[in-house]
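The whole structure should be built from the sequences, with the hints applied where relevant.
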Amino acid sequence: MSDTPVSDDVLMRAFAQGDATAFEQIYARHHAALYRFVRRVLGPACAAQADEVFQDTWLKVVKARATWAPQGAAFRTWLFTLAHHRAIDCLRKSGREISVERDEEDEAPWEPAAAGAAWSLWPAPPATSGGAEDQVFWRAAGQRLLDCLDTLPAAQRSVFLLHHEDGLAMDELARVLELGFETAKSRLRYAMSKLRTCMGAYLPGVAQGSVREGAAT
Amino acid sequence: MSDDPREVPPDAHLLAALRHAPDCEAAPPPGLSALILAQARQAAATPPHVPWARRWGQALQALDRWLPRPALGGAVATVALATVIGVMWRGGPPVERGEPSLADATVPVAVPAAPAQAPAPAPLQQAPAGDSHNEAPAPQAPIADTRKAAPPVRSARPAQPAPPAGSAPPARAAAKAPAAAPAQVAAAVPEAFRSAELADVLASAQTAASGAFAPASAPAPQPLAAVLAALRDQPATVQVLAGPRNRPRAEAPLASAEAARERPVAGEHLTRKALASAAADTSDGHEWLAQVAQAAEGRWQPVATPVLAAGEPGHVIQVGGVPAGRLVLTASGVLWLPSEASGPTWQASLDASVLLALRAQAPRR
Chain A
1 MSDTPVSDDV LMRAFAQGDA TAFEQIYARH HAALYRFVRR VLGPACAAQA DEVFQDTWLK
61 VVKARATWAP QGAAFRTWLF TLAHHRAIDC LRKSGREISV ERDEEDEAPW EPAAAGAAWS
121 LWPAPPATSG GAEDQVFWRA AGQRLLDCLD TLPAAQRSVF LLHHEDGLAM DELARVLELG
181 FETAKSRLRY AMSKLRTCMG AYLPGVAQGS VREGAAT
Chain B
218 MSDDPREVPP DAHLLAALRH APDCEAAPPP GLSALILAQA RQAAATPPHV PWARRWGQAL
278 QALDRWLPRP ALGGAVATVA LATVIGVMWR GGPPVERGEP SLADATVPVA VPAAPAQAPA
338 PAPLQQAPAG DSHNEAPAPQ APIADTRKAA PPVRSARPAQ PAPPAGSAPP ARAAAKAPAA
398 APAQVAAAVP EAFRSAELAD VLASAQTAAS GAFAPASAPA PQPLAAVLAA LRDQPATVQV
458 LAGPRNRPRA EAPLASAEAA RERPVAGEHL TRKALASAAA DTSDGHEWLA QVAQAAEGRW
518 QPVATPVLAA GEPGHVIQVG GVPAGRLVLT ASGVLWLPSE ASGPTWQASL DASVLLALRA
578 QAPRR
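The listed protein sequences derive, respectively, from chains A and B.
Quick note on numbering: the working numbering labels position 74 of the first sequence as 74, and the sequence is numbered without any gaps.
With the second sequence counted from 1, adding 217 to any position gets you the working numbering.
One thing to keep in mind: the hints can contain errors.
As the list claims (entries may be wrong) - With beta-carbon atoms standing in for the labels, derived distance ranges:
| id | chain 1 | residue 1 | chain 2 | residue 2 | range |
| --- | --- | --- | --- | --- | --- |
| 1 | A | A32 | B | V301 | 53 to 63 Å |
| 2 | B | Q275 | A | V10 | 11 to 21 Å |
| 3 | B | I302 | A | D171 | 26 to 36 Å |
| 4 | A | G18 | B | Q275 | 11 to 21 Å |
| 5 | A | L59 | B | A294 | 43 to 53 Å |
| 6 | A | A32 | B | D281 | 33 to 43 Å |
| 7 | A | A20 | B | A243 | 19 to 29 Å |
| 8 | B | L232 | A | L59 | 22 to 32 Å |
| 9 | B | L277 | A | A20 | 55 to 65 Å |
Hint data in this document are derived by calculation from the structure and do not stem from the laboratory.
Glycine included, every Cβ here is placed at the ideal spot set by N, Cα and C.
Below, the structure written as structure tokens:
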């Protein structure tokens, strides 16, 4: 017997043929990451609607079980795209969606002149699990990042999250979001530049101390 | 992540911060997960409804994946082509619109018809020009003219079944009106024997003469036309027998002129017999028969009571083994006595020299 896990495509076909356990396996694989993605895209202001968006996303999967076909994209990508569109709809209805057109028409995002200037005073990211002190530091950095994410427009936030958390390549990112490649790339670069600035990546002497202060607050 | 140079590499520090964010352990409420799973189970228990549009879309996508294969594409193209050709040929082969062929020529002028009101035993007269269905056309019209100016007759009217002898419709009674025999048809017979196209024209003429046109008209003024047509179509089925084989027509009391008018004309009857014939007899009198028809062209007249002298047995004409009539060379001409109840008697006056030549060439036993 092989221990290779069954792919999402096979499980979806089995679910379409009436196998409810196949859906349970898919749900077990992706529910945590999807719930996290939805919460981060919506931000704390719309966190109350995260459950609704999350449920609607899965119900769309259930309804589309018979018509779903792996058309070049992985099931996970399709799942996160569904959640992204549903979250953007929710933000539009709440009036919190911020247009990114003005950003993208302005000059290029600010980058330090010297290569590697960012994070020069930060400790290297842990490969796996570091020590207790590092855990505290990076946990505080994570909280700071969530706060910074909340300041981004929803479109840039989604692009950054899909790229960094879900691991989508740029061309796939552009395709699932129905954007041009350069547009998607520009949004990602803006999001990363803003997050670095917000995190103090370029400020000497701000690194660990500011993060720890932010984490303490 | 791909190796595309345009790819934006993820920021390791942002990625590490993202992985250590406080909401990493966030999970949907258990109740929400239970609700979603319950809905999924309920949906799995019922067959999914796939809209028709989606099914067609999937079928087209599958077809799109298969069609680029040369073998399948060729097969589909062949089936499509066969379907198109089959639809086009459903009602028969397409009619070519090029040069009109002789097969399409028709012979309404070769079908002389008597006026409906014409007196029955009247002598030969010219039918006035006019309606080609109810009035007789020019009886002397040569067959060459019919080839040029004739509309299609093949599909103009369907052939009508032969009425039983003695039960001709009333309209046929008027068909006994004397009309000039189109001897040109008979005159063209030898040539027609050599020309398949002219044979078609003659066939059309005989079909029309057999009563396919308006019943008020009088078809077949040429008594021997039907025999000649059978001779042309299937020469082996026409037999010219010398000697008194059958009972002379004169011995049988011929019907009166009125009764004769009620009978179908010989041409119509014999043509149908000839067309229905399938026998394969042989005879050497074909040429003589054609000569008689050529000599008597334009001279045929109906005769109510033919007078036959003794010693004039005549020649029995058989079409497919069935007696069609008797051809008698009399002292003044030639007499055509159709078989019983098949039409009136016709007589053509001939010159003595012609008669002599015909007698000399007549087939003998």
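TODO: Given the range 53 to 63 Å, decide if the beta-carbon distance of A32 (chain A) to V301 (chain B) lies inside it.
DONE: Since A32 (chain A) and V301 (chain B) have Cβ atoms about 59 Å apart, the given range 53 to 63 Å holds.
TODO: Starting from the range 11 to 21 Å, see whether the pair Q275 (chain B) and V10 (chain A) falls in it by beta-carbon distance.
DONE: 18 Å, holds
Task: G18 (chain A) versus Q275 (chain B) beta-carbon gap, inside 11 to 21 Å or not - done: Given range 11 to 21 Å: holds, Cβ gap about 19 Å.
- [ ] Starting from the hint 55 to 65 Å, judge whether the C-beta atoms of L277 (chain B) and A20 (chain A) obey it.
- [x] Distance hint for L277 (chain B), A20 (chain A) is violated at roughly 31 Å.
Task: Distance restraint hint 26 to 36 Å, applied to the beta-carbon atoms of I302 (chain B) and D171 (chain A) - done: Given range 26 to 36 Å: violated, Cβ gap about 48 Å.
Task: Distance restraint hint 33 to 43 Å, applied to the beta-carbon atoms of A32 (chain A) and D281 (chain B) - done: Holds - the Cβ-Cβ distance for A32 (chain A) and D281 (chain B), about 38 Å, lies within 33 to 43 Å.
Open item on the list: Just to be sure I understand the hint, the distance between the Cβ atoms of L59 (chain A) and A294 (chain B) should be within 43 to 53 Å; is that true here?
Closed with: 45 Å, holds
Task: Whether the CB-CB distance between A20 (chain A) and A243 (chain B) falls inside 19 to 29 Å - done: With a Cβ separation near 26 Å, A20 (chain A) and A243 (chain B) satisfy 19 to 29 Å, so the hint holds.
Task: Beta-carbon spacing of L232 (chain B) to L59 (chain A) - inside the hinted bounds 22 to 32 Å or not - done: 31 Å, holds
Consistency with the previously given hints fails for numbers 3 and 9, ordered from lowest to highest.
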